[in-house]
Amino acid sequence: MKQIKQWLQTYSLFLIFTLIIFILLEYLVRSELIPAFIIPAPTSVITSIIENWKPLFLEHLPATLLEFLIGFVIAVVGGVGLAVGMFFSKIVEKTLYPAVLISQMIPIIALSPIFVLWFGYTIWSKVAVTVLISFFPIVVGTYDGLKSSDKEYIELLRSMGATRMSIFKKLNIPMAMPSFFSGLKLAIVYALVGATIGEWLGASEGLGYYSRRMSGNLNSEGVFAAITILTLLGILMFALISLIEKRVLKWKYTD
Amino acid sequence: MTLVLKNVSYTFRNEANQKNKVISDLNMEVRNGDFVSLIGKSGTGKSTILKLITGLLKQDEGEILINGKAITLGDVGYMPQRDLLLPWRTIIENIMIASEIQKDLQITKDEARSWLDRVGLLAYENALPDQLSGGMRQRAAFLRALLTGKDLLLLDEPFGALDALTKKDMQTWLLSIWQELNKTILFITHDLEEACFLSDRILLLHLDKTLDDIPVNLSRPRHPEMLHEMELITLRHNLEKRIAHETN
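Residue numbers (my numbering), protein chains in the order written: chain A, 1 to 255; chain B, 1001 to 1248.
Chain B stretches covered by chain A per the calculated footprint, using a threshold of three residues with CB under 8 Å from any CB of chain A:
| no. | region |
| --- | --- |
| 1 | 1042–1056 |
| 2 | 1097–1103 |
To be clear about the criterion: a stretch of chain B counts as covered by chain A if any three or more of its residues have a C-beta under 8 Å from a C-beta of chain A, and this derived list gives those stretches:
| no. | region |
| --- | --- |
| 3 | 1077–1087 |
| 4 | 1128–1137 |
Calculated from the structure, these hints are not laboratory results.
Note that beta-carbon positions come from the ideal geometry of N, C-alpha and C, so glycine has one too.
Model the full structure from these sequences, guided by the hints.
So this is what it looks like as structure tokens:
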């Protein structure tokens, strides 16, 4: 009960604002001040989701989820691995850190067709976009977190005879956790964007593919139905990571 | 336990490789069970001496010996000025960290608990450091140094950040623990009254890198009332004069 009250206190203004926007949109579309093919009425989007729930939730959503999850897991494992490698080895850092930075300068939309060339219309072209887009915040978040350990803490542990590995486990890893989770929260949202972009540029299923197909049919309700599900999925994933973060970093959230 | 520094010199090099001789030809001895304070103006190298004794820094010349053997990392208990309790660990986990690092050091949870009880922190064994007051945190940090199991404890301005009343309580508390345990303490402070009240000897470091060894002839055990005794006041004035003289 207390948690619900706290949640309402935090988000009530946003909920009221969203409700006002929905009512306003509904009115503008219903009174034909805005054509429905530009922005559909929120109730039409909900109706579209209900009418098409089978293909949306049983066909396209699982496809997007699979690409997203595979891509995200690869990005997390690879990103953390690279960050740890750069933390322990100056050579690895000097060789690969610029490459990580440059990878973010590449316009993903321009690169995606290349992935289609490499991997065809398989799941892997979408996974590749997902990895590329979500890799960066994980690497940077983890690496910066690992480097953030205060010199005085390191000296204290060394004065007790701690080895480098012992300092890594007892100090560097816990110290890196807040920064790692910040990166993870960004990455999980980016991963969903990556999977959707990948589907836009070449797929036969998935919510990105569905919204592109609906766009081609000038079915704005269908486009917004896919966008709504993707948005809700993004919020859900973000909330999930936030929940894990609060469990893992209990010390940070204890009053 | 006897700590001996023989002709120790240390030169600090910055990133531009500019050299600054911080310690020069230093000789000192701390005997078993002594409470010795190291005082001196900022920049005389007090903290550097402590880091050399911990083994965190390596002297350029000379020897640092404990019981005749060259010092290595992990040979002493060290308490820095900031308590440096790890914020994600509970108090009991913080004070037991040395036993996780040093495989040959066996400290059981019950032993750690009994120590917490003795310093009035048992009710906080599962609390996080942020939930404790400044004085409590310093007591926990002291226990962490104590539970390294080493005979020599190096305390670098441990009460520097505390308010005057808490500081007085902590000084009395530290003396009672020290008297009970027969540990050897090397204590850095800027507070001359604190140095006089706590110590058997005061080592005064000068800016010219020389060292005065000044005995404190106050009886033991010491009580806060002794802060008003003429002998302590006179000694503090003498120290003040010596240090003030250095600025001229």
